[in-house]
Amino acid sequence: MFYLDSLVRYSDIGSDQKMSVPAVLDLLQDCCTFHSEKVGVGISFLQQAQRAWVLSFLQVKITRYPAMGESVRTYTWPSDFKNFLGYRNFKIEGMSQELIACAHSIWVYIDIKSGRPVRLPEDVRQRYQLYNEPCQLECTSRKINLPEEMQSKEPVRVSRFLIDTNQH
Numbered sequence: 183m184f185y186l187d188s189l190v191r192y193s194d195i196g197s198d199q200k201m202s203v204p205a206v207l208d209l210l211q212d213c214c215t216f217h218s219e220k221v222g223v224g225i226s227f228l229q230q231a232q233r234a235w236v237l238s239f240l241q242v243k244i245t246r247y248p249a250m251g252e253s254v255r256t257y258t259w260p261s262d263f264k265n266f267l268g269y270r271n272f273k274i275e276g277m278s279q280e281l282i283a284c285a286h287s288i289w290v291y292i293d294i295k296s297g298r299p300v301r302l303p304e305d306v307r308q309r310y311q312l313y314n315e316p317c318q319l320e321c322t323s324r325k326i327n328l329p330e331e332m333q334s335k336e337p338v339r340v341s342r343f344l345i346d347t348n349q350h
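Okay, so the sequence shown: first residue is 183 according to this note's numbering, each after it adds one.
Worth flagging that the hints you see were computed from the coordinates, not collected in a lab.
Please read these numbers as outputs of a predicted model, since none were measured by experiment.
Virtual Cβ for every residue (Gly too), placed ideally from N, Cα, C.
One or more of the hints may lead you astray.
[Claimed, not checked] Label-pair distances were calculated between CB atoms; the ranges are:
| no. | residue 1 | residue 2 | range |
| --- | --- | --- | --- |
| 1 | Lys325 | Ile244 | 16 to 26 Å |
| 2 | Tyr185 | Gly251 | 16 to 26 Å |
| 3 | Glu330 | Tyr185 | 36 to 46 Å |
| 4 | Ser253 | Lys325 | 31 to 41 Å |
| 5 | Arg246 | Arg324 | 38 to 48 Å |
| 6 | Ser193 | Val300 | 31 to 41 Å |
| 7 | Met250 | Asp293 | 36 to 46 Å |
| 8 | Pro204 | Gly224 | 30 to 40 Å |
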């Protein structure tokens, strides 16, 4: 199991001085990225192999929003790999070990050139230690039910500074 210690920064909070939802999601992303870096299959490895992990599903339950300056510890652990899918869990705790948030995610290992899923190589799989510790979260359906009536909104322009290392 990998963990990352952090402080809730000013840039992480909203007007209520509590961590925002995007900041919680950033913590999860940073934690799993640093985990992959630590085991030697991080960004440079993936770019050289022309591979990427793409998030397919994320379910998060936030119990409370930590305040600015609060110390938090984010944990992540892969629970399974099946062909081209990786299953990863997360939890965020306060320093007194109370649960702040937990999450379950499913990732797809893809070939960047073709954009298609590819089987995770055994040497990459072996870099991660699997944990069967369940996430304290009842998993929901991956199906998103769309409302019958929807409203068109203004389009969102994606600026270059929003592009990640996968050019997304």
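Hints, verified against the model:
{"no.": "1", "hint": "Lys325 x Ile244: 16 to 26 Å", "in the structure": "holds, 22 Å"}
{"no.": "2", "hint": "Tyr185 x Gly251: 16 to 26 Å", "in the structure": "holds, 20 Å"}
{"no.": "3", "hint": "Glu330 x Tyr185: 36 to 46 Å", "in the structure": "holds, 44 Å"}
{"no.": "4", "hint": "Ser253 x Lys325: 31 to 41 Å", "in the structure": "holds, 37 Å"}
{"no.": "5", "hint": "Arg246 x Arg324: 38 to 48 Å", "in the structure": "violated, 26 Å"}
{"no.": "6", "hint": "Ser193 x Val300: 31 to 41 Å", "in the structure": "holds, 36 Å"}
{"no.": "7", "hint": "Met250 x Asp293: 36 to 46 Å", "in the structure": "holds, 42 Å"}
{"no.": "8", "hint": "Pro204 x Gly224: 30 to 40 Å", "in the structure": "violated, 22 Å"}
Going through the hint list in order, the structure does not satisfy hints 5, 8.
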